Each structure stands twice: as C-alpha cells, then as structure tokens.
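Single-letter residue listing:
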Amino acid sequence: MPSDVSLTLIVFVPLIGAMVIALLPVRTDLERFRVRTGALLATGLPLAIAIFDLLGEVGNPAQGAIAQPSIDAPWLRGFYFQLDYHLGVDGLSLMLLFAITAVFPALVLASWRMRERTRSHFALLLIAETSLAGFFATQDLMLLVVFFWLPIFPLALLVGSGSRPGAREAGRRLLVIQSLGAAALLVAALLMLLRTGNTTFNFVTLSTVGPLKGAPGLIVAGLLLFAFGARMAIFPLQRWLLDGVAAAPTPVAMLLVVSSLPVGAYGLVRVLLGMDPRGALQLVVPVLLLAVLTLYWSALRAVGERDARRATAALLAGVSGPVLLGIISFSETSLAGSLWLAFALTFIAPLLVLAIGAVADRGGGAEITSIAGRAVGADRLKLMFAVGAASLGGVPFLVGFPGVFQVVVGSFAEHRFITAVVILGIGLLAYAAWRVGTGPFWAPGVEPELAEPIADSRGSEFYAGWWLAAAAVVFGITAGYFVPYTVHGTDLVAARVSSMAPAKVPGK
Amino acid sequence: MNLAFLQDFAPLGVLLLGAVACLGVEGGIYGSRGDRGSLSRWIALAFTGLAFLAAVGFWRSSLGPAPPDVEHGSFLVDRFALFFYAAAPATAAAILLTGSDLEEQLDPHRPLYHALVLVSTSGVMLTASGADLLTLLVGVATVSLPLILGSALRKVDPVTVRSAARSLVITGALLATFAAGEAILAGLGHATQLSRLEALPPSPLLGLAVVLIAVGVAGPLGAFPLTWWRAGATAAVPLGPALAGLALGALAAAAALLRLLPGTLGAAIPGWNVGVGVAAALTILIAPALAWRQRSLLAAVGYLFVGDAALVLVGLTWSSRPATAAVLYLVLGLVPVVTASLGLLGAVQLSGAGDGMVHLRGLASRSPLHAGLLALLLSALAGLPPLTGFFARLMVVESSLEAGLGWLAVAVVLGAILSAAVALRWILVLLDPQAEGQPLELPSRATLIGIGLSVAALAGFTVTLGPLMGIAARAALAPLAGP
Chain A
0 MPSDVSLTLI
10 VFVPLIGAMV
20 IALLPVRTDL
30 ERFRVRTGAL
40 LATGLPLAIA
50 IFDLLGEVGN
60 PAQGAIAQPS
70 IDAPWLRGFY
80 FQLDYHLGVD
90 GLSLMLLFAI
100 TAVFPALVLA
110 SWRMRERTRS
120 HFALLLIAET
130 SLAGFFATQD
140 LMLLVVFFWL
150 PIFPLALLVG
160 SGSRPGAREA
170 GRRLLVIQSL
180 GAAALLVAAL
190 LMLLRTGNTT
200 FNFVTLSTVG
210 PLKGAPGLIV
220 AGLLLFAFGA
230 RMAIFPLQRW
240 LLDGVAAAPT
250 PVAMLLVVSS
260 LPVGAYGLVR
270 VLLGMDPRGA
280 LQLVVPVLLL
290 AVLTLYWSAL
300 RAVGERDARR
310 ATAALLAGVS
320 GPVLLGIISF
330 SETSLAGSLW
340 LAFALTFIAP
350 LLVLAIGAVA
360 DRGGGAEITS
370 IAGRAVGADR
380 LKLMFAVGAA
390 SLGGVPFLVG
400 FPGVFQVVVG
410 SFAEHRFITA
420 VVILGIGLLA
430 YAAWRVGTGP
440 FWAPGVEPEL
450 AEPIADSRGS
460 EFYAGWWLAA
470 AAVVFGITAG
480 YFVPYTVHGT
490 DLVAARVSSM
500 APAKVPGK
Chain B
0 MNLAFLQDFA
10 PLGVLLLGAV
20 ACLGVEGGIY
30 GSRGDRGSLS
40 RWIALAFTGL
50 AFLAAVGFWR
60 SSLGPAPPDV
70 EHGSFLVDRF
80 ALFFYAAAPA
90 TAAAILLTGS
100 DLEEQLDPHR
110 PLYHALVLVS
120 TSGVMLTASG
130 ADLLTLLVGV
140 ATVSLPLILG
150 SALRKVDPVT
160 VRSAARSLVI
170 TGALLATFAA
180 GEAILAGLGH
190 ATQLSRLEAL
200 PPSPLLGLAV
210 VLIAVGVAGP
220 LGAFPLTWWR
230 AGATAAVPLG
240 PALAGLALGA
250 LAAAAALLRL
260 LPGTLGAAIP
270 GWNVGVGVAA
280 ALTILIAPAL
290 AWRQRSLLAA
300 VGYLFVGDAA
310 LVLVGLTWSS
320 RPATAAVLYL
330 VLGLVPVVTA
340 SLGLLGAVQL
350 SGAGDGMVHL
360 RGLASRSPLH
370 AGLLALLLSA
380 LAGLPPLTGF
390 FARLMVVESS
400 LEAGLGWLAV
410 AVVLGAILSA
420 AVALRWILVL
430 LDPQAEGQPL
440 ELPSRATLIG
450 IGLSVAALAG
460 FTVTLGPLMG
470 IAARAALAPL
480 AGP
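Chains as they are written, first to last, in numbering that gives the first Met the number 0: chain A, 0 to 507; chain B, 0 to 482.
Hints were generated in silico from the structure; no laboratory data involved. None of the values given here were measured: they were computed from a predicted structure. Heads up, none of these hints are tricks.
Here's a subset of chain A near chain B, in silico, CB distances under 10 Å, partners left out: (1) Tyr79; (2) Arg171; (3) Leu174; (4) Ser178.
Label pairs and their calculated CB-CB ranges: (5) B/Ala198 with A/Pro501: 51 to 61 Å; (6) B/Ser37 with A/Glu115: 33 to 43 Å; (7) B/Val55 with A/Ile15: 25 to 35 Å; (8) B/Thr463 with A/Pro501: 41 to 51 Å; (9) B/Gly351 with A/Pro24: 23 to 33 Å.
Note that the Cβ used here is the ideal one computed from N, Cα and C, for glycine as well.
Next up, chain A with everything else stripped away, as it sits in the complex (with noise of 0.2 Å):
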C-alpha cells in the first residue's frame, strides 16, 4: 500500500469509526457488542496497517538510513501562509504512532465490560485515537496544533460524564487547563511564524529557515513549555492528572495517562528543540528545576496519598522529571532516552492503571487501607502492576529501562549533580511504586484470610491486561532493534541544538 494512504488510514480510520459507532443503535445488547465490536475493528485496522504496511516500509534503521513515508497535499495555497495536509513519519514519531495504534486496541478492550454510554464512549474513544495518532503523524505545525487541540473536549466528556464523586470537576479542571495549554501552544505557533519570515507551517522549513533569537525565542520557549507542559502533568500543573485519573472510570482513566506524557515529550523535541533551540537554550536552569521538582513531588505524593488511584497518577507523573532532564541535556542519546520513555510509558501507564483501577473497582474504593490485602490472591492483576512497576523503575528486560538508562547516561555528562539527584528520585518513585502496590497486592501486616478478596482479572479486561504487559515485555526485550529508530531521529534534533550553542572555552 502507498505510504501515504496508510498513514492517512491509520489516523482517519477511527474517526470514520467514531461516525459509524455514532449511529448504531444500542438497545439491545446484541447492538452494545456491535459497538463494541466495531470499535475494536476501528482500532485494530490501524494496527495492523501500521505492523504490516509501515514497518514494512520504513525497514531495519540498523542497516543505515530508513525511509521516511509521507504524504504532502497543499490544503491552503496562494495566501499570506500556505497550509498543508502533511503527514510523515521519522525516527522521532515512528514509535510513538505505533505505540497509539498498539494501545488503543488494548484500551477497547478494557472498555468492554462498560454498560452506560456505550455508544458515546466508545466514540469519543476513536476520536482520541485520531487526535493521537494525527498529532504524531503530521509534519505541519497548524495540524500538529489542530490534532494538540482536539482531544480536550473528548477526554473532558469522558472524563466529566463519569459517576464518581469529583468527576466533573476534574472534566472541568482538565477542560480549563488543556484548553489554556493549547492556546499557547498556537500563540507559540503564530509567533514563530511571523518572527521568522516562514510563510509555511512545515516542520522542515521552521525548523531550518531564519532561527528565533533573543526575546522572542525566550517567549516562544516558555509557551511552549507551558503547552507541552501542561499535559505532561509537570510540577506545578498535575492537579488535572490526578484529579482526573481519580475521578474517572478506569478505561477513561487509561486513555488520559495514554494522551499526556507521551504526547507532551514528543512536543518539547519536536517543536521547542527542533524549532526554537535558542530558546530551549535560555531555559536550561528552569527546566532542570521543573524536572526535579516535578520527579520528587510526584513521588513523595505518591508515598503520601491514601488513595491507591491518585497514588498511582502521581507516579506516572513523576517520570515526566527525568524525561524532562533527558529534552533538556541535548544530547543525542538523552533525547532518544526521553522519547523512549514516552514510548513505554503508553504501554506502563495504563498498565498501572488498569491494575490499581480493577482493584479499586471490585474492591468498593480506591483508599490504601480499604483494599489492603484484598487482591493477594489476583495473581494476575498482581503480575500486571509488577511488570508495569518494574518498568517504571527501570528494571532491565523492561520497556522502561532503555528509556531511563540512555537518559541517565546522556544527561550525566553535562549535568551531573543534577542527574545524580534524578536518580535517587527514579530510586524514590520506585520506591512509591512498591508502598503504591504492597498495599492491595502484598499487604504486609494484613493477614490475607481476614482481607474479602477481590476476583482476579478475567474475559476482556485480562486480555487488555496481558496485551499491554506483553508489549512491556516485548519491547523491552528487543530494545536493541526498536531503539535506532529514536536514535536516528534526534541526532538532527541535537546537532541543531549543539550547533546554536555558545562555544565552551576549554579550561573554564
């Protein structure tokens, strides 16, 4: 198949999806399971297209340059700027479209059981898979900014539509923040544009025509932080986050951990690194700040909090600290570290979340102290939440540890105080995961036979369980395959960066 109607097809087949599922009926339960059924189909064809089609494609990065699919229509032509339907891939974004079109399947799956608003969920599901999927599929900066945008109102639906307490509040909170977020995330856009002359959006073209300088490179720096930022749940802006994950129904809870960290990464290489590199350079002290505040505060959050949902949020916001630390070290192997947390993260998080999230379900509630024990004997929601923990803390033949190894080691040479302290963090946020996991799954001190247990996973959440941590597994692996491709992307990203940087005097 032409790469660019595959690209095309995987981020535009859910949204056809979406339309469909909105007008079957759902009266029956025979009509909710076509729901159901149409939804996985939706997210499965994207899937296979990318394994067969894409990866096929682009072919081993290991034997030297791969190939870069895409598509480039004009959408606008003949005014003040030109607007492109442009989508493409590259060694920054190859994994992490994968990764969505992998997870969403997964995230259907853990919907499966849900009774209300079938057909809704499910929609507003597709629709995210395609914000998703476009915002890592494009090469244009507008559509980067459109596909930024449009997940707000669906994951706030979602999110808002939820029965537990909190649930639209944290819609809202989630609604006002995102929404800021991507406003000036296009203010940042808008900006670049006209300080630099470029008459187009094209992520080639701004990243090497007429450089940002001085003060407005500093501004476009930290809008673009604070857009990115903000859905990277960084330290002082994770309220949403957890608010969120706490509030909402757990595949909705998975889907917002999916659609933040991941996406927040990828921004900050893709736009600030790659299209304001003076600016990321004035930022420097700032956001090493951020990456540590963010790690330590997540993590003795996660220590803190007595419920076991907004425990584990706090964890997962707590590795945007050392993939913060691996963006602004600007080597080409911590840039490549940072995305590759971002790529495991789509598989750990909602992994953690489901495990936590099925616990507190059954178990009537997600406080510490009413589920101790209580999932002792759900061996496999206990295997589900090690292998996502063990990950997390950057065990070898886990997806995360590539991640955390390269960013440890590309950021050490340039900071290495501060990249010494963000590993004692990474000890600290693994250290929260145990206390976060003892609780329900070990639980020292409560005696198992006196704890009402909680049923094991089983049916479609099980499979949804088993597909995420088979891909943690997997992928961490056969890292030494998969790894080159980020590597082959941010080698441009950080030779530009090192190329603005002001020269070191030797001896000072």
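With chain A held as given, fit chain B onto it using these hints.
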C-alpha cells in the same frame, strides 16, 4: 425577440417565483388550511434548490481565462455576484430547515414568512450584483425590510410587535445612514455608477462617507455603535426571522461592503481604512465582553455572532485578493454556525426548557447530543481550531497586519481570547456537576436535518479550506478590478 438576457436573471427570478407561489399558499389558492405551512416550506425549499443549481451552473460556465461578465444597466453578473448567487439560496434552505420548529410562532402566516425569506434572499443577490449606488441601497433594503415585517407576524405578542417596530425604525435610520454615505460618494464622484467612482482621491469627506456606509450596512449585524441593540433584538423577536436576518444580513453586508470599499474605493484605502478598523476593533472587543455578562445562552450567542461579523470589517482594511477571499470564507463559515446554533436553541426553548445558565447546567449528562452540538457550535463561534472561524480569524489578522494596522490585529486576538473564554464558560456550564433535570426532547426531523447539514457544512468548509479559498479568490477578482 431575443430573450437570452432572461437567463442572466434566472436565479433571482426563480426565487421571486417561489415567493409568489408561497403567497398563493398564504392566500389559500391551494393547500388545505392545516398543512399550508409545511407545503409552503417545501415549495420554498424547492425554489431555493432550483436557484442554487442555476447559480452553480452559471458559475461553471463563467470559468475561463476571461470571465464573461454580463451587465444590464446597474445590474452586473460576474463571479463575485455568482458566489453570492450560490451562497444565498443555500443559506435560505438552511434557514428554512433549521428554523422549521420555530415557525410555529408565526402561525397562521408561515407561507407569508417563507415568501419574505425568499424575497430577502433575492435581495442578497441584488446587492451582490449592484453596479450602482442606488442598486446597492435597494438590495440592502430588500434584505432587511421583509424580515423585519416577518418578525412582526406574531401579532398575539405585543412585545414582539413593539420590538419589530423598534427594529424597523433603527433599520430605517441605518438605511438612511447608508444612503447619506452614498450621497457623499455620489457628490464626490459626480456619478452613481461604481465604475466611475474608482479614482476618488483620499480625503476627509471620503473617510466620512465610508464610515457612514460601514455603519449603515454593518449596523444591522451589530457593528459599533449598534452592538448593544443587536443581540437584544435577536432575543426579543421570534427566532425564525431573527436567524434569517442574521444569516442573510451577513451575506448582504459582505456583498455590499466588498463591492463598495475594496472593490470600488480600493485605490483610496489610506483615506478610510483606519475609520473602518476603529469601528471593527470596538465591536470585536465590546461584543464578547457583553456576551460574558449574559445569563442566557441565546443572548451570548447573539453577541458572539456580532463579534464574528465584525471581522468582515477587519478584512476590508486591506484591498487585496487574499483579504477579500478571506472575508468571503469568513461569511461562508459564519452562516451554518448561526443557523444551526439559533435553530438548536429555538428547539431547546420550544421543548419547554429555558436557555439560561440555570436550565442548561449539567446538560451533558442529561442530553449529550444537545450538549455536544452546543459545545461544537460555541467552539465554532469562538474560533477554536480546527473549525472555520479559526482559519478565518487567522486570515483577517494577516490582512490587518498587511494593511499596517497592527493594533487591529491585537484587537482581533484579544477579541478571540474573550470569545474563547465565553465559549469555555458555557461549555463548563454544560458539564456542571448539577445534573438534575429532565432530558430534552429532540427537535423535529426537518430541524434535525437542517442542523445536521449545517454542522456537516461547518466540517466540510474546514476540510475543503484550500478549494473553498480558491473559489473565493476567483470570486474576489471581480470587485478588485471594479465593475
């Protein structure tokens, strides 16, 4: 006898024939008493469809290296006019469909209302074809006066009649203002034909004439200083005529202003664009601020629309093909938003629920379809990406920058932020935790089809931004060259 000239008037003539047919239904010539409203609506829809097809055929035949403009005295059929020939009947069809539930307020004079809508639509065509100051005045009057008459049809309600009378007085005053501006122009150029006014040198008197024209034409849409009046008038009269007035009024205002200002007086732009820019900036900033204060969604939507319509004035400040094309695209995107939003709000009112904050709080959990559509339409009015209003705003900002009016660009951006804040506030109301209340009834099938088509047009105009701008750029050639 050579009757070939008749084909040049075909779209306009079809609409007037449709109006006569509707009047026949009103007079009881055909159709039983019970279903007259429905019958005349279908007749009106059929005639708007015919007019649209005739206009599209005309447009296709006009494509070529040299546009074969047809001129009959003060009546000119060029690509610019043909753009409105196609847009006006499509708008009328959207009005008739989305407003079908609202027409119950006008019983037993629905057929008369349909005839008035068709006459008003033909007024848009007349305005777009105007090659003379007098034709433009007659065209603008033909758009506004029938719909004011339509808004007075609900005679059982004294408030409505009073409001219609007030609207009639204000519209009359605005037409007089427009006529005064035209009179100054005619005096300066010693002619009423637009082609003889092109070489007017910049002068304070020319600036005054242009400001009077801008206020006279854009005033019915709420341009400063009429900003306070417009949304109030929308809320006070029956919604059917109100939405027809806003949608057709926007088209007519754009047609008249583009013909007169960049199309005819483009060479003298330094003499007048600052005045138009000031009126635009004030409207753009005041309208969303007033929208913020509203506790009724209908009034808020009215003010947001006023702010959007003022962007037309911003696009006029630079005389160029892209700027004119941007205005055409802006108006085209505005029409489905206003028809769908007012049609939907009218249906909400008719179902017994109010349109206040109290009534709509938590609507998302009770009636997700209503809430989703309202959120979408509010986003479109506020110009949130990726909807048409977003691209239109981008383009008029560029126009004002190209015109050297950076302060106007800042005003547009500030207005956009204010509009987005208003939209966000109402969307948050729809998502509010207070979810008590009854689900809303769905509108009638005709209204649903109308809203669906309007929303599809909104999405389609976004996806086909490039081709649509291409069409708009072709249409924009004519006024810049002068008639």
